[in-house]
Structure formats: structure tokens, C-alpha cells
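Trainee: Chain by chain, the residues:
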Amino acid sequence: DAGVIQSPRHEVTEMGQEVTLRCKPISGHDYLFWYRQTMMRGLELLIYFNNNVPIDDSGMPEDRFSAKMPNASFSTLKIQPSEPRDSAVYFCASSSPVTYEQYFGPGTRLTVT
Amino acid sequence: GDSVTQMEGPVTLSEEACLTINCTYTATGYPSLFWYVQYPGEGLQLLLKATKADDKGSNKGFEATYRKETTSFHLEKGSVQVSDSAVYFCALNQAGTALIFGKGTTLSVSS
Numbered sequence: 001d002a003g004v005i006q007s008p009r010h011e012v013t014e015m016g017q018e019v020t021l022r023c024k025p026i027s028g029h030d031y032l033f034w035y036r037q038t039m040m041r042g043l044e045l046l047i048y049f050n051n052n053v054p055i056d057d058s059g060m061p062e063d064r065f066s067a068k069m070p071n072a073s074f075s076t077l078k079i080q081p082s083e084p085r086d087s088a089v090y091f092c093a094s095s096s097p098v099t100y101e102q103y104f105g106p107g108t109r110l111t112v113t
Numbered sequence: 001g002d003s004v005t006q007m008e009g010p011v012t013l014s015e016e017a018c019l020t021i022n023c024t025y026t027a028t029g030y031p032s033l034f035w036y037v038q039y040p041g042e043g044l045q046l047l048l049k050a051t052k053a054d055d056k057g058s059n060k061g062f063e064a065t066y067r068k069e070t071t072s073f074h075l076e077k078g079s080v081q082v083s084d085s086a087v088y089f090c091a092l093n094q095a096g097t098a099l100i101f102g103k104g105t106t107l108s109v110s111s
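Sequences listed follow chains A and B, in order.
Going by the numbering used here, the residue at position 74 of the first sequence is 74; the numbering climbs one at a time, nothing skipped.
Going by the numbering used here, the residue at position 95 of the second sequence is 95; the numbering climbs one at a time, nothing skipped.
A few chain A residues that face chain B, going by a derived Cβ cut-off under 8 Å, partial list only: (1) TYR31; (2) TYR48; (3) ASP56; (4) TYR100; (5) GLY107.
Computed beta-carbon distance windows for the label pairs: (6) ASP56(A) to GLU8(B): 26 to 32 Å; (7) THR20(A) to SER110(B): 40 to 46 Å; (8) GLY29(B) to ASP30(A): 19 to 25 Å.
Hints were generated in silico from the structure; no laboratory data involved.
Where a beta carbon is used, it is the ideal one built from N, C-alpha and C, also for glycine.
Let the hints inform the model, and build the full structure from the sequences given.
Mentor: What follows is the structure in C-alpha cells.
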């Protein structure tokens, strides 16, 4: 299996622009998580899905952030409009309902100028 | 709520030295415990896990034992290598929920 796939790996954008991050989970995994990593706050959950349904979005910073999972093999995290404080590494992870082990993608490094 | 506390870094060791990174947790019920490792510029990799009290997780020479009486899950390795240099995260979750991470401990091993 290719593991969790994220794109793009790096994104540089200007303040106010829309940013879309993409994730393909491991086949057969029915949990999908979005995390954000910053120096100040460490790793924090943004949102997670089970069977394509959002279960906990309490970590989504504000209405500028939205996430979707239209099918079992694809999810997006959108920021509109982006701000410099959104600069971070965004990780997607997936897990199976048997082991609950989470496997992480390589991350998207977002820089908002 | 649930939380994880791990020792502050950085930890600097010479090759072949012994490693211990302390991790304690606060949680209701019986969470699963994990250690993840992050190499520079990469995502997190699952290093080892334990799902119940007294379980020992092990991988690549690293070990950690789930101690419910002390609510701890310390990471140990008997002889570190330069290639072990990375950031190590202790984490927990309740079944089917998101991971809660410690702040991470940076390990630097010199030859």
C-alpha cells in the first residue's frame, strides 16, 4: 500500500487566498484525521471523520476552515481566506477500525505571506 | 480532559548511550498508548504501542511498558545510534478517537 497520500507537499500563498489541501487515506481505513503542527502549539487535532461523516470538528479554528470527505478515498481541508497565522504543517492520518493505529501522511507545509 | 506530559528536550547523547524519555498521562478509562517518531521534514511514524496495562510495546530496539499504577509509558533504548536522532512524541487515544500528543522530545545522537 502507498500509505496516506497528501498533496501538495508545499504551498506558499498570499494572505486572503483560498488554500485547498488534499488527502487520500489508506484503503480500508474508515477513520480520517486532520492535524496541524506548529512550534507554538505542537500537534493538535482539527477534525476527524468516521465512514465519511465528521465526528469531531471542535479543533477547527474558525469559519475560515472547512473540511469534507465526499467518499472513502478522498478528503479536503480548505482555508478561505488564508492568514499568516495559518502557516503550519498540516497532517492527514487514517486508521482502521480494528487496530485504531493511526498512520500519517508526509504533511503539507503551508506558508501564508 | 485527557492529556500527555513528556520530558522537555533536547536530549543529547553519544552513540551507544542508554536512552529514557519520560511520558506520563492523565486519562479516564483505559486508553491505548503510543510512541511516534518524526524525522526532519517527514511525517510521524508509529514506533510502538501498548493497549492495556502491563503490555510492553517494542520496535527497532525501543521499548515502553504501559504502567497504569504510575500512569506512565516511558520510552527506552539500550544503545542509541546516530540514526535515532529525531523528535519523539508520546500519545494516547480512546478507541476510535483522535490522538492526544505530548509536546515532543528532540533526541540528538552524536558519533
